[in-house]
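Colleague: Given two chains presented individually in distinct reference frames, assemble the corresponding complex, making use of the accompanying hints.
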Amino acid sequence: MNLHEHQGKELFRAAGIPVPPGEVARTAEEAVAIAGRLGYPAVVKAQVLIGGRGKAGGVKVVRTPEEMAREAGRILGMDIRGHTVHKVLVTPSAEIGLELYAGIVLDRKTETPLLMASPAGGIDIEEVARSTPEKILRLHLDQRGLPDYRARAAAQFLDPRWEVRKQLARVLVRLARVYREQDASLAEINPLVVTKKGEVWALDAKVVIDDNALDRHPELAEMRDLGAEDPGEVEARERGLSYVRLDGTIGCVVNGAGLAMATMDLIQYHGGKPANFLDIGGSSNPDKVTAAMNILTRDSRVRAVLFNIFGGITRCDDVARGLLTALDRIGTKTPIVIRLTGTNEAEARELLGARGMTALSDMDEAVRAVIARAAEAA
Amino acid sequence: MSILVGRGSRVLVQGITGRDGSFHALQMKEYGTKVVAGVTPGKGGTKVDGIPVFDSVEEAVARTKADVSVIYVPAALAQDAIYEAVDAEVPLVVCITEGIPARDMIDVAAYLKGKSTRLIGPNCPGLISPGQCKVGIMPGFIHSPGRVGLVSRSGTLTYEVVWQLTRAGMGQSTCIGIGGDPIVGTRFVDALALFQADDATDAIVLIGEIGGTDEEDAAALIERHVSKPVVAFIAGQTAPPGKRMGHAGAIVSGGAGTAQEKMARFERAGVPVAKVPSEIPGLIANALRAKRRPGLKLVGARSRARTASSAKAKARPTPRTKSGARKVSATMKPKAATQAKPSTRKRSSARTARAGRSPRR
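Chains as they are written, first to last, in this note's numbering: chain F, 1 to 378; chain G, 1001 to 1361.
Same shape as in the complex, but just chain G (with noise of 0.2 Å):
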């Protein structure tokens, strides 16, 4: 199993025609998701590289049955189709597109408010869950099947964690790219819920930066509600307060923002935080020999947990679990988990190329 997306999931490319849209349709078409759909305005009826382009997202939506929709058009027409996605009720909508201004973020975030749709992104490289379904620009040929979840805000960063994790025989659940921006749609809380009630996921590693608040909201969420071991990694340790390195969101302003701040927060939480990225694979190995081991503090509440992940596909979480991730939806945002429903069928692929056991030395 894997969250958001899985071998089920439909997917469809608004922005289709463009240079982006149609090299990445193809590559996703090559990873072998299901790219049911395309989308450009004037170009219906034609086909990029065999798929069905359509001039609406309603209309594709009604041919094609797509659940997810990834958005490559130019920032100035990113608002609109965003707001196409979600008036065709996408349940699950992915935003490439950099460069967005923040007012049309922040009209989308009020629209998106009460919504079913979920929104990862913009500024993103999109998620994947490997030999599954990759939505978005990440190459997939680092990526292995396995059962460590990973969120980021970044994009190449996390390309360089994720192949130091498949090189260490970490495979992994799902990557979430959440995006560079101030203002995106799923946070590290949503991500985090959504991992702590994924039975397909073991451990979870976070990739924050400079800028925000987000990864302090994480690990005051993580204290609370989450059992699985998390990893944290902060960029932008040496970046100079008011500059914007590169991301929209990656900046220090008014002292605040600090990856310093971020980094104490997490260890605060009980969150290792690897100084450079190369200590990750270890900290998660680590982390799950002990929770494995017994005796240690936390076992309770973990190893319930752990019972429940190793049953079966429809196991309860456990009490903590559900109210965990029932409190996130409800003070976070009100949005529905738009998990992939049919990728349960293929637990016992996901099972056998299970990560975290490897590394055991």
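Extracted from the complex, chain F is given alone in its bound form (with noise of 0.2 Å):
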């Protein structure tokens, strides 16, 4: 789950990473309000789930009032890549000295926590990585976490004068702290200045919380924002769905991860192009075949849907079942494909053909059927 940059900065300050004041606005006049408070020069910053905000206009500093009033009335309600802005962060502009750069990933390779420090800071640390490797600094964390010593060895790569060197490295290994004690798998902060004064501030928080450490953090899994979120794939999750939005016109709904990905591909092999990705799991309860079909005919976009199930331990009649009983709950006339093979697939198809629909055998066969219907339905 990625947090927003404020979120994120909530869960610094908790931790003792020094972090500007700020705070959040909906709408330009309390944007207005909150700088009165915290002073101009100000920033006002979109808060969306992507990258890239800076370029694509989304962060301002303001010197007026007037001039906060425009630029937050600009930025809430653009659409950054996609994600429509409804809130921004507004927080009192710092005087940077040095821009630097530190972030914590999983590497699976060694599975182990990666720390990676950079004294270019304030730009895409993918492109320092490919542009410039030798300023990054790449230190695997154990299970004692980010001891002092490695940590101020970390900071010396980042500004050698002590005084400075001393906030960094205590603020690498508070953010080795909350990478753990957090569950997350991403803890980034860019930038991270020094400022003319030689005070240390991140400036920037992104942080991901592992989806699967959520249960154990009720409190970041209240953070979540469903407003950002495609609608498709908030009520997936609920339904306990693995659901991805894609762009194409062929809607896919799949029992396995691998095979959903692999129905995906294959559509786009033979010519068709996949409206997204879906995993019904390994159960075959007729309310998730619902809620996927509910989903996928909402949907403009999707002219055919593609039903691929291999039936091991989901029993292929009982699909079949929660499919028919979900086209009588929601009536679609959505032309549909399937593909049944496996456990109980003579029953499946018994089922469907006393309601007149056959299933194919063959994947392949079934996924150039699909295409063909699509552009029947076009």
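Hint data in this document are derived by calculation from the structure and do not stem from the laboratory.
A couple of the hints might just be wrong.
Said to hold, decoys possible - Here are the simulated DSS-like cross-link-like pairs (lysine-lysine), alpha carbons at most 27 Å apart as the crow flies:
{"#": "1", "chain 1": "F", "residue 1": "Lys-135", "chain 2": "F", "residue 2": "Lys-109"}
{"#": "2", "chain 1": "G", "residue 1": "Lys-1034", "chain 2": "G", "residue 2": "Lys-1047"}
{"#": "3", "chain 1": "G", "residue 1": "Lys-1243", "chain 2": "G", "residue 2": "Lys-1275"}
{"#": "4", "chain 1": "F", "residue 1": "Lys-196", "chain 2": "F", "residue 2": "Lys-166"}
{"#": "5", "chain 1": "G", "residue 1": "Lys-1243", "chain 2": "F", "residue 2": "Lys-109"}
{"#": "6", "chain 1": "G", "residue 1": "Lys-1243", "chain 2": "F", "residue 2": "Lys-273"}
{"#": "7", "chain 1": "F", "residue 1": "Lys-273", "chain 2": "G", "residue 2": "Lys-1275"}
{"#": "8", "chain 1": "G", "residue 1": "Lys-1113", "chain 2": "F", "residue 2": "Lys-109"}
{"#": "9", "chain 1": "F", "residue 1": "Lys-55", "chain 2": "G", "residue 2": "Lys-1243"}
{"#": "10", "chain 1": "F", "residue 1": "Lys-206", "chain 2": "F", "residue 2": "Lys-166"}
{"#": "11", "chain 1": "F", "residue 1": "Lys-109", "chain 2": "G", "residue 2": "Lys-1115"}
{"#": "12", "chain 1": "F", "residue 1": "Lys-60", "chain 2": "F", "residue 2": "Lys-206"}
{"#": "13", "chain 1": "F", "residue 1": "Lys-135", "chain 2": "F", "residue 2": "Lys-196"}
{"#": "14", "chain 1": "G", "residue 1": "Lys-1115", "chain 2": "G", "residue 2": "Lys-1034"}
{"#": "15", "chain 1": "F", "residue 1": "Lys-206", "chain 2": "G", "residue 2": "Lys-1243"}
What the hints assert, rightly or not - Quick partial rundown of chain F residues pointing at chain G, CB under 10 Å, derived from the structure:
{"#": "16", "residue": "Glu-126"}
{"#": "17", "residue": "Arg-180"}
{"#": "18", "residue": "Ser-185"}
{"#": "19", "residue": "Asn-212"}
{"#": "20", "residue": "Ala-213"}
{"#": "21", "residue": "Leu-214"}
{"#": "22", "residue": "Ser-242"}
{"#": "23", "residue": "Val-244"}
{"#": "24", "residue": "Gly-256"}
{"#": "25", "residue": "Gly-258"}
{"#": "26", "residue": "Met-264"}
{"#": "27", "residue": "Tyr-269"}
{"#": "28", "residue": "Phe-310"}
Don't be surprised by glycine CBs; every beta carbon is placed ideally from N, CA and C.
Modeller: As structure tokens, then:
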């Protein structure tokens, strides 16, 4: 789960990482009122769950209440790479001396958290990694977390001045603590700034929480911003489905994540475009199939739907029953192509046959069929 | 023969009184697996389908000599269940559980270093040596005994491919689902090394997906140390960046971990990459045919490996094979190969079901 900047900063603040004061506004008036309290010059920052806000014009420094009203009004409601801005963070502008980078990710290769620190902050760290990899220090964290002496060494790489180094080391130790204690899969400060007076501040916060750990962090689970997510994805999650919206016209309902990906790929291979990734999981609960059909048929781009079910522990006849129940409930006109193989395949065919429906058994054949149906429906 | 599990494997089920545990314990038993014990704390002394239940893994192992544990407990209890099996020195632990927090697995991975236990999973379907032993949740009937090894990060996609192999007359030595999480106990490189050293495996199917670099590591290993033919398939070519595709580990992040990169890397390593799953049986058949024909490239190394594999069970692997396998265990993970030895007895039956012969047209 991605956190907004202001939510990440709250976690940082609670962990003792210096974060400038700031408040969230949902209207231009609120933004002006907040800046009045915190002082000018101020920064107004779009709160969206996607990178590249600055480049898109979602971050502005303003010097007067009039300017704030204009800029906040412009940013609120703007679209940043498909994400609508519903709120902005208002914060005092800092006198930046140096822009540094500090971030922790899970390194799958070593199976440990990896701290990356760089004196080249303020820009995309992946860009730094490509163009000047020598400017990134990489430290693998073990079960001790980040001992102070390693933090001091890392801090020296960022800024050798002793007074600054001490502060930076503290920030790194605390960042490592946040990463572990909050079950983050990413905790990033970019930029981590040193002001002209030599003070260290986290000017941004990008935190991603491991979805599998949300059960033990109810306070983080509550931070989820449903308004910032795709409605289909929100509904799918509530129904225990795994769904990702894509750009195509062919909806797919599949059991299992790997087979679901392979189905999307096969649709593209045969010349179609998948409208989604959707894994109904191992269950053949009719409610899940209904929820899946609801999400797909509400999507106006979807011209045909493919069911691709490999019956193992999931029984084909259960899925067929779920599908028939779903069709009774929602009565869609969208063409449906069904592919069933495996456990209780014959029973499933019988159930579908009684309702005038047929099922294919080969995956390639089914994909070609659904592409043809989508083309007819276009 | 087969790898990791065979006819002699003695399986214990952690979480046997739960819904999934009890259902799959019975399924495994019906397949012919020796399910010798179950563990659920507080339920010791009871039975599930005639299988004795114990309060602890230690007790179950002491009483039943179980040498494989399969874990079906909920995600919040899974780390503890793995620790319990490792501390009881169970040689092979298979964790089916999905949804374990990454932090729990970071700690497990660190704890496993230097231990003799091999972990498979989590978030995996388990593994099966067809006709001998099934440990996990895969439908048994789609498999058939034979000589193709299969390793995959997925569940149902694996079933799809296994089913296509079976229908093409290509039975399997062992099929391993290594799991869809970012941190798993056994990776592609580990499984490849085991298949390379296995006399009963002639060719290997590797099914990868987006996210991480385990496929790239596998390609590098194949270049240097795997003489048996390998065919790869990668799922997720159409996956958008930054989105998790069902599996916790299936995500393209920062432009890395794409299907295209992985496919290109395999091709550079000389590994045929199937564009669609239905190409896999044909590619395997081609690779096996090419291997049998003399005068082709790599014939030296491969024919030697072939000789070794057709010799008796105790045949010495070629020097290349041996150093390859050793190198893997030294550099990748200090784990002992927990081979199920008793399956050697049934070599003759495995050989009669040899795959890769029938599809010759």
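Colleague: Taking the hints in turn, state whether each one holds.
Modeller: Structure-based check of each hint:
Restraint check for F:Lys-135 and F:Lys-109: the C-alpha separation of about 21 Å stays at or below 27 Å, so the hint holds. Note on G:Lys-1034 and G:Lys-1047: the hinted pairing holds, with a Cα-Cα distance of about 15 Å set against a maximum of 27 Å. As the CA atoms of G:Lys-1243 and G:Lys-1275 are separated by approximately 22 Å, the hinted pair is consistent with the 27 Å bound. Proposed proximity of F:Lys-196 and F:Lys-166 is supported: the alpha carbons are some 16 Å apart, at most 27 Å.
About 20 Å separates the Cα atoms of G:Lys-1243 and F:Lys-109, which keeps this hinted pair within 27 Å; it holds. Simply put, G:Lys-1243 and F:Lys-273 have alpha-carbon atoms about 18 Å apart, close enough for the 27 Å limit, and the pair holds. Proximity of F:Lys-273 to G:Lys-1275 is assessed by CA-CA distance (about 16 Å); at most 27 Å being required, the pair is judged to hold. Distance check on the hinted pair: G:Lys-1113 and F:Lys-109 sit about 14 Å apart at the alpha-carbon level, within 27 Å; holds.
Under the criterion of a C-alpha separation no larger than 27 Å, the hint pairing F:Lys-55 with G:Lys-1243 is consistent with the structure, at around 22 Å. For the hint pairing F:Lys-206 with F:Lys-166, the CA-to-CA distance comes to about 23 Å; that is within 27 Å, so the pair holds. The hinted pair formed by F:Lys-109 and G:Lys-1115 meets the criterion: a straight-line CA distance of about 19 Å does not exceed 27 Å. Using a Cα cut-off of 27 Å, the hinted pair F:Lys-60 and F:Lys-206 holds, with the two alpha carbons roughly 19 Å apart.
A hinted pair counts as satisfied when its Cα atoms are at most 27 Å apart, and F:Lys-135 with F:Lys-196 qualifies at roughly 22 Å. For the given pair, G:Lys-1115 sits about 25 Å from G:Lys-1034 by alpha-carbon distance, which is consistent with the 27 Å threshold. A C-alpha spacing of about 16 Å is found between F:Lys-206 and G:Lys-1243, which places the hinted pair at or below 27 Å, so the restraint holds. The interface hint given for F:Glu-126 holds, since its Cβ lies 5 Å from the closest Cβ of chain G, which is under the 10 Å cut-off.
With a cut of 10 Å, the hint placing F:Arg-180 at the interface with chain G holds, because the nearest CB-to-CB distance is about 7 Å. Annotation: interface hint on F:Ser-185 holds; nearest CB of chain G at approximately 6 Å, less than 10 Å. For the restraint placing F:Asn-212 at the interface with chain G, the shortest Cβ-Cβ distance is roughly 5 Å, inside the 10 Å limit, so the hint holds. About 4 Å separates the beta-carbon of F:Ala-213 from the nearest beta-carbon of chain G, less than 10 Å, and the hint is met.
The restraint placing F:Leu-214 at the interface with chain G holds, with a minimum CB-CB distance near 9 Å, inside the 10 Å limit. Hint on F:Ser-242 holds. Least Cβ distance to chain G is approximately 4 Å, under the 10 Å limit. With its C-beta approaching chain G no nearer than about 5 Å, F:Val-244 sits inside the 10 Å limit, and its interface hint holds. Because the beta carbon of F:Gly-256 sits about 3 Å from the nearest beta carbon in chain G, less than 10 Å, this interface hint is met.
For the restraint placing F:Gly-258 at the interface with chain G, the shortest Cβ-Cβ distance is roughly 2 Å, inside the 10 Å limit, so the hint holds. Interface hint at F:Met-264: satisfied, since its Cβ lies 4 Å from the closest Cβ of chain G, which is below the 10 Å cut-off. Interface hint status for F:Tyr-269: upheld, as the beta-carbon distance to the closest one in chain G is roughly 6 Å, under 10 Å. Taking 10 Å as the C-beta contact cut-off toward chain G, the hint placing F:Phe-310 at the interface holds, the least distance being around 5 Å.
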